[in-house]
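**Student:** Quick mapping for you: the protein sequence lines, in order, are chains A and B. The numbering of the first sequence is my numbering, which starts it at 8 and goes up by one. The numbering of the second sequence is my numbering, which starts it at 377 and goes up by one.
No wet-lab data here; the hints were simulated from the structure. This one's a predicted model, so the numbers in the text were calculated from it and none came from an experiment. Take the hints with a grain of salt, since some may be wrong.
Said to hold, decoys possible - Stretch by stretch, here's where chain A covers chain B in the computed footprint (C-beta under 8 Å, at least three residues): (1) 406-420; (2) 426-439; (3) 483-490.
What the hints assert, rightly or not - Selected chain A positions facing chain B (Cβ under 10 Å, derived; list incomplete): (4) Pro38; (5) Asn48; (6) Gly50; (7) Leu53; (8) Tyr57; (9) Phe97; (10) Asn107; (11) Phe111; (12) Gly112; (13) Gly113.
What the hints assert, rightly or not - One-sided and incomplete, this derived list gives chain A residues near chain B with beta-carbon spacing under 8 Å: (14) Tyr39; (15) Gln49; (16) Leu51; (17) Lys56; (18) Thr58; (19) Arg101; (20) Gly102; (21) Gly106; (22) Lys108; (23) Leu109; (24) Thr110; (25) Gly114.
Idealized CB from N, CA, C, for every residue including glycine.
Residues per chain are reported as follows:
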Amino acid sequence: AQSVTQLGSHVSVSEGALVLLRCNYSSSVPPYLFWYVQYPNQGLQLLLKYTSAATLVKGINGFEAEFKKSETSFHLTKPSAHMSDAAEYFCAVRGGAAGNKLTFGGGTRVLVKP
Amino acid sequence: DAGVIQSPRHEVTEMGQEVTLRCKPISGHDYLFWYRQTMMRGLELLIYFNNNVPIDDSGMPEDRFSAKMPNASFSTLKIQPSEPRDSAVYFCASSLRGGPNTEAFFGQGTRLTVV
Numbered sequence: 008a009q010s011v012t013q014l015g016s017h018v019s020v021s022e023g024a025l026v027l028l029r030c031n032y033s034s035s036v037p038p039y040l041f042w043y044v045q046y047p048n049q050g051l052q053l054l055l056k057y058t059s060a061a062t063l064v065k066g067i068n069g070f071e072a073e074f075k076k077s078e079t080s081f082h083l084t085k086p087s088a089h090m091s092d093a094a095e096y097f098c099a100v101r102g103g104a105a106g107n108k109l110t111f112g113g114g115t116r117v118l119v120k121p
Numbered sequence: 377d378a379g380v381i382q383s384p385r386h387e388v389t390e391m392g393q394e395v396t397l398r399c400k401p402i403s404g405h406d407y408l409f410w411y412r413q414t415m416m417r418g419l420e421l422l423i424y425f426n427n428n429v430p431i432d433d434s435g436m437p438e439d440r441f442s443a444k445m446p447n448a449s450f451s452t453l454k455i456q457p458s459e460p461r462d463s464a465v466y467f468c469a470s471s472l473r474g475g476p477n478t479e480a481f482f483g484q485g486t487r488l489t490v491v
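Chain A extracted, bound-state conformation (with noise of 0.2 Å):
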């Protein structure tokens, strides 16, 4: 079954640092991709989604990501981590042999420390 795997459940970064969270999917067919975060008590907000287009994508907030084939990989980045990033990050993809399905990793929840 088509699916997503995020390196590390929990992130701890410095106000200022690079955040970088990892996504890896199975996929025979490159699928379309999508990362989301949660804050607390809330519901899931798209950040940005790989459609094909482009391999870098740009989303909001500051944060892009990178579609990588060969790597079978869509890690999430932020030059800059903010204390309002701290949340909850989702990378899910649909397509593929699982249709219109949309699955989501495990999640990574992001602590930034002043």
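Once you've looked at the hints, dock chain B against the given chain A.
**Tutor:** Chain B alone, transformed into the frame defined by chain A:
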């Protein structure tokens, strides 16, 4: 548009009782997803609909769970009878037609506690 609307936001019920969660998708969206979120299992897809028809219910945990979508603007997820292990946050999401490259929009969730 007001976004995906879920009700109630919080539900506390006793074991054995029937629970009904409700969802109103964004107008014009023809995909609707139900997810369950727990600390142990993360975000699990329970079922999804396309044009009011259930497409994949393989994530529904057992026969105690059922979901319906009687029309394009309303869906329910029912648990009967409820058990403490059903305690979780349940999310509804919807997306536009156009295929798998379209993102899903999420509601605020229903926090269910079964005591």
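**Student:** Hints first: check each against the structure and report whether it holds.
**Tutor:** Going down the list of hints, with the structure as the test:
1. Chain A is given as covering the segment 406-420 of chain B, and this holds because 5 residues of the stretch bring a CB closer than 8 Å to a CB of that chain, at least three being needed.
2. Against chain A, the segment 426-439 of chain B contributes 3 residues with a C-beta closer than 8 Å to a partner C-beta. That satisfies the three-residue criterion, and the hint holds.
3. Residues of the segment 483-490 of chain B lying with their CB closer than 8 Å to a CB of chain A number 3, which satisfies the three-residue condition for coverage.
4. Because the beta carbon of Pro38/A sits about 7 Å from the nearest beta carbon in chain B, less than 10 Å, this interface hint is met.
5. Because the beta carbon of Asn48/A sits about 8 Å from the nearest beta carbon in chain B, less than 10 Å, this interface hint is met.
6. With 10 Å as the threshold, the beta carbon of Gly50/A comes within range of chain B, its nearest partner Cβ sitting at about 4 Å, so the hint holds.
7. For Leu53/A, the interface hint holds, the least distance from its beta-carbon to any beta-carbon of chain B being 5 Å, beneath 10 Å.
8. Nearest Cβ of chain B to the Cβ of Tyr57/A: about 9 Å, under the 10 Å cut. The hint holds.
9. Evaluation of the Phe97/A hint against chain B yields a held restraint, the C-beta minimum of about 7 Å falling below 10 Å.
10. The closest approach between the C-beta of Asn107/A and any C-beta of chain B is roughly 5 Å, which is under the 10 Å cut-off, so the hint is satisfied.
11. For Phe111/A, the interface hint holds, the least distance from its beta-carbon to any beta-carbon of chain B being 4 Å, beneath 10 Å.
12. Checking Gly112/A against chain B by beta carbon gives a least distance of about 8 Å; that is within 10 Å, so the hint holds.
13. Satisfaction of the interface hint for Gly113/A is found here, the shortest Cβ-Cβ separation to chain B being roughly 5 Å, below the 10 Å cut-off.
14. Given the 8 Å rule on beta carbons, the hint for Tyr39/A holds: about 5 Å separates it from the nearest Cβ of chain B.
15. The interface hint given for Gln49/A is met, as the beta carbon of that residue sits about 6 Å from the closest beta carbon of chain B, less than 8 Å.
16. Given the 8 Å rule on beta carbons, the hint for Leu51/A holds: about 4 Å separates it from the nearest Cβ of chain B.
17. Taken as an interface hint, Lys56/A checks out: its beta carbon lies about 6 Å from the nearest beta carbon of chain B, inside 8 Å.
18. The beta carbon of Thr58/A comes within 4 Å of a beta carbon in chain B, closer than 8 Å, and the hint placing it at the interface holds.
19. The beta carbon of Arg101/A is positioned within 8 Å of a beta carbon in chain B (closest approach about 4 Å), and the interface hint is therefore held.
20. A least Cβ separation of about 3 Å between Gly102/A and chain B falls short of the 8 Å threshold, and the interface hint therefore holds.
21. Checking Gly106/A against chain B by beta carbon gives a least distance of about 7 Å; that is within 8 Å, so the hint holds.
22. Among the interface hints, the one on Lys108/A holds; its C-beta lies about 6 Å from the nearest C-beta in chain B, closer than the 8 Å criterion.
23. Proximity of Leu109/A to chain B holds as hinted, the smallest CB-CB distance being about 5 Å (cut-off 8 Å).
24. Here the hint on Thr110/A is kept, as its CB sits about 6 Å from the closest CB of chain B, short of 8 Å.
25. The criterion of a C-beta within 8 Å of any C-beta in chain B is met by Gly114/A, whose closest approach is roughly 6 Å, and the hint holds.
Going down the numbered hints, you'll see the structure goes against none, and every one checks out.
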